[in-house]
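K.L.:
Chains as they are written, first to last, in UniProt numbering: chain A, 1 to 183; chain B, 1 to 458.
These aren't lab readings, by the way, just hints derived from the structure by calculation.
Be aware that a few hints might be false.
Far from chain B, some chain A residues (derived; all Cβ distances over 12 Å) [to be verified]:
1. E7
2. G29
3. S41
Estimated spans, in silico, between C-beta atoms of each pair [said to hold, decoys possible]:
4. D351(B) - V15(A): 45 to 51 Å
5. R102(B) - S129(A): 52 to 58 Å
6. R51(A) - R102(B): 52 to 58 Å
7. V15(A) - P161(B): 52 to 58 Å
8. D127(A) - F298(B): 54 to 60 Å
9. R51(A) - W356(B): 47 to 53 Å
10. D27(B) - S129(A): 22 to 28 Å
Just so you know, even glycine gets a beta-carbon here, dropped at the ideal spot from N, CA and C.
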Amino acid sequence: MDPQDHERFRDFVDVRWSALLRLANLLTGGDRHEAEDLVQSALMKVLGRWRQIEDPEGYVRKVMYRHQISRWRLRRPHREATFAAPPKDLGVADGTSAADLRITVGQALARLTPRQRTMLVLRYFEDLSETEVASALGCSVGTVRSTTHRSLARLRGLAPELGAPAQAAATVPSSSVPKGAHV
Amino acid sequence: MNADQLDRAIRDVLHTWAPDDPSAPTDVADRIVRRHRRRSRMRVTGAALGLTGIAFGALLVTGTGGDDGTRQPASRVSRQSNLLWQTTMPGKSWDACTTGPRAVYCRGAEYDGIGLDARTGKVVWQQKAKGVSSGRSPAGSLPGVRDGVLYSYADHAPGAPRAGTDLVAFHIGSRKVLWKHELADDSRRWSSAVLFDGGVLANAPTSKRVTALDYRTGRTLWTHYRSDVDCDRAAIGGVPYLMCSPDSEKAPQRSTVVRLDPATGEPRTVATVKGPTAYIGTDGDAVLLGGMAGGQRFLSDPGPATLTRVDVSSGKVSQHRVDSLPMGVVADGIILASGGNGSAVAYSADDGKRLWSRDLGLKLRKDSRDPTMRELPSDAAVDLGNRVAYYLDPSGHLVGLDLDSGAMRWRGQVQVQVPKRQVEAGVAPELMVYDHGLIGQIGGELFRIKPTLPKARS
Numbered sequence: 001m002d003p004q005d006h007e008r009f010r011d012f013v014d015v016r017w018s019a020l021l022r023l024a025n026l027l028t029g030g031d032r033h034e035a036e037d038l039v040q041s042a043l044m045k046v047l048g049r050w051r052q053i054e055d056p057e058g059y060v061r062k063v064m065y066r067h068q069i070s071r072w073r074l075r076r077p078h079r080e081a082t083f084a085a086p087p088k089d090l091g092v093a094d095g096t097s098a099a100d101l102r103i104t105v106g107q108a109l110a111r112l113t114p115r116q117r118t119m120l121v122l123r124y125f126e127d128l129s130e131t132e133v134a135s136a137l138g139c140s141v142g143t144v145r146s147t148t149h150r151s152l153a154r155l156r157g158l159a160p161e162l163g164a165p166a167q168a169a170a171t172v173p174s175s176s177v178p179k180g181a182h183v
Numbered sequence: 001m002n003a004d005q006l007d008r009a010i011r012d013v014l015h016t017w018a019p020d021d022p023s024a025p026t027d028v029a030d031r032i033v034r035r036h037r038r039r040s041r042m043r044v045t046g047a048a049l050g051l052t053g054i055a056f057g058a059l060l061v062t063g064t065g066g067d068d069g070t071r072q073p074a075s076r077v078s079r080q081s082n083l084l085w086q087t088t089m090p091g092k093s094w095d096a097c098t099t100g101p102r103a104v105y106c107r108g109a110e111y112d113g114i115g116l117d118a119r120t121g122k123v124v125w126q127q128k129a130k131g132v133s134s135g136r137s138p139a140g141s142l143p144g145v146r147d148g149v150l151y152s153y154a155d156h157a158p159g160a161p162r163a164g165t166d167l168v169a170f171h172i173g174s175r176k177v178l179w180k181h182e183l184a185d186d187s188r189r190w191s192s193a194v195l196f197d198g199g200v201l202a203n204a205p206t207s208k209r210v211t212a213l214d215y216r217t218g219r220t221l222w223t224h225y226r227s228d229v230d231c232d233r234a235a236i237g238g239v240p241y242l243m244c245s246p247d248s249e250k251a252p253q254r255s256t257v258v259r260l261d262p263a264t265g266e267p268r269t270v271a272t273v274k275g276p277t278a279y280i281g282t283d284g285d286a287v288l289l290g291g292m293a294g295g296q297r298f299l300s301d302p303g304p305a306t307l308t309r310v311d312v313s314s315g316k317v318s319q320h321r322v323d324s325l326p327m328g329v330v331a332d333g334i335i336l337a338s339g340g341n342g343s344a345v346a347y348s349a350d351d352g353k354r355l356w357s358r359d360l361g362l363k364l365r366k367d368s369r370d371p372t373m374r375e376l377p378s379d380a381a382v383d384l385g386n387r388v389a390y391y392l393d394p395s396g397h398l399v400g401l402d403l404d405s406g407a408m409r410w411r412g413q414v415q416v417q418v419p420k421r422q423v424e425a426g427v428a429p430e431l432m433v434y435d436h437g438l439i440g441q442i443g444g445e446l447f448r449i450k451p452t453l454p455k456a457r458s
């Protein structure tokens with residue numbers, strides 16, 4: 001790597017580290033060490049193709065999605081999820097306190113399998129469409145759809161406070177629908 | 001909750017779920033470049049060695065090598081390490097240390113808090129204790145660091161014969177004390193103040209009561225009282241829990257695990273089990289308790305024990321008989337207990353099965369004034385990435401055991417300046433895993449070392 005590329009890479013890491021760590025933190029269920037490992041592994045890969053890649057961040061993110069899913073077989077410890085930045089009120093008017101709900105959902109997310117969690121992170125945090133998720137993970141749209149469905153069901157199972165899906169909840173505001181979702 | 005609400009809740013949780021310290025570790029880009037170069041070099045070297053191996057293999061096949069076909073396995077114990085720094089801290093008596101983002105913090109008799117740069121070992125911040133008289137503070141722990149605030153302990157009435165203890169929040173950036181709160185007693189154990197999501201659970205104002213304090217302001221959020229029991233405190237998934245055991249033989253002989261609502265303190269009993277128990281630790285979402293199973297009178301009496309596992313999500317309780325009370329560090333489904341005489345014993349946190357035991361081979365001197373007393377090794381510091389449990393003795397010797405088998409994987413030593421001092425029986429050094437390496441504390445000596453582990457078997 002020549003000094004110019006080295007400088008560009010350093011700038012990229014400096015500027016994008018926190019965003020990448022944030023994504024890795026979600027993908028790993030709040031495990032800080034694993035999150036840092038994930039970001040560094042992905043950055044190592046991007047380094048090997050630094051000159052050929054037009055969108056380094058997109059590449060790193062894609063590597064992280066795939067890497068996280070491929071690592072799911074590894075026996076990893078269950079660590080405490082960190083909720084370091086207390087968020088504002090969630091505003092869910094269902095009688096449950098926002099803090100409780102956040103903790104409940106956060107814990108349940110941390111207990112999903114990496115594959116299930118990755119699917120939800122891509123759909124709800126990265127705002128990718130089903131087609132984009134399928135492309136990123138190298139699977140079919142049907143797999144994305146079924147895994148998302150199972151992940152949500154498991155989330156409800158892990159957090160009974162979320163309740164069963166309401167039968168009458170037919171109308172979903174378009175603003176809250178992930179891109180490419182069918183309602 | 002309907003689908004729309006669930007969507008919104010997940011989206012909001014994901015968008016507000018941030019790592020503690022999102023800033024990039026120092027020189028991370030350069031380190032990645034160096035690792036990448038090393039890996040590229042290894043690939044080139046590997047290819048060259050591969051070719052050499054093929055040629056050499058051909059010689060063996062044709063008999064030219066004269067080998068009998070057997071090969072001694074490479075030693076699996078590494079003695080290599082890199083001592084990154086070693087520092088002698090000011091003051092004489094140090095009781096506890098903890099690590100934070102790029103820093104290590106300690107507390108002792110003469111300092112309520114001291115901060116060192118984890119890269120260099122240099123002292124960058126310190127808060128002297130007021131009115132030091134005894135030269136020793138109650139041993140124990142440091143509650144921790146969160147959002148740039150160090151939670152430590154200090155004497156409530158410095159210089160007084162019974163000084164009492166305050167929980168103190170130090171803002172590391174401004175070096176100011178944000179708030180203080182007097183605790184019930186001088187216990188400065190790890191459970192005297194527990195950080196949970198949104199607050200700090202303090203054992204105050206009495207030993208039977210806990211108070212939740214706002215972690216930024218120290219304002220009391222709620223309090224909770226329990227009679228007839230002594231409780232340990234822990235945060236599981238950011239939620240505070242109490243593990244309570246009867247405080248006397250007259251009290252109802254049952255132990256309970258109680259969840260406290262983080263916002264209101266509303267208690268919910270998760271599980272109740274017969275008899276007194278001791279809190280061992282948490283394993284994922286499970287609380288581990290140890291009880292007596294051999295007719296002993298006290299938990300400290302030797303003899304068979306019961307390992308109780310309580311799943312805090314479902315309240316499910318499972319109990320297993322173990323040969324002795326497995327008190328120790330819990331790491332990824334394994335309890336690492338002390339086997340006495342400088343040995344370690346590993347038990348399964350799932351069923352109490354004894355997995356392995358191992359003499360640590362550390363130097364633990366006996367006290368000539370009382371031969372029944374001897375030095376102690378540190379608690380295990382577990383590197384889950386490499387699945388190694390490390391221990392440190394007061395003379396600076398270190399060992400690393402395979403977490404799953406107990407096999408020795410690494411040995412190291414740090415030259416400490418106090419090898420010939422008087423034996424301090426019962427005072428253990430402290431070892432912490434930090435950035436795939438170790439930070440150790442022996443008295444006033446603090447060091448950071450990076451073990452080089454043998455490569456895993458393929």
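K.L.:
Run every hint past the structure and note whether it holds.
P.N.:
Verification of the supplied hints:
| no. | hint | verdict |
| --- | --- | --- |
| 1 | E7 | violated, 10 Å |
| 2 | G29 | violated, 10 Å |
| 3 | S41 | violated, 9 Å |
| 4 | D351(B) - V15(A): 45 to 51 Å | holds, 49 Å |
| 5 | R102(B) - S129(A): 52 to 58 Å | violated, 39 Å |
| 6 | R51(A) - R102(B): 52 to 58 Å | violated, 32 Å |
| 7 | V15(A) - P161(B): 52 to 58 Å | holds, 57 Å |
| 8 | D127(A) - F298(B): 54 to 60 Å | holds, 59 Å |
| 9 | R51(A) - W356(B): 47 to 53 Å | holds, 50 Å |
| 10 | D27(B) - S129(A): 22 to 28 Å | violated, 38 Å |
Hints 1, 2, 3, 5, 6 and 10 from the earlier list are contradicted by this structure; the remaining hints agree with it.
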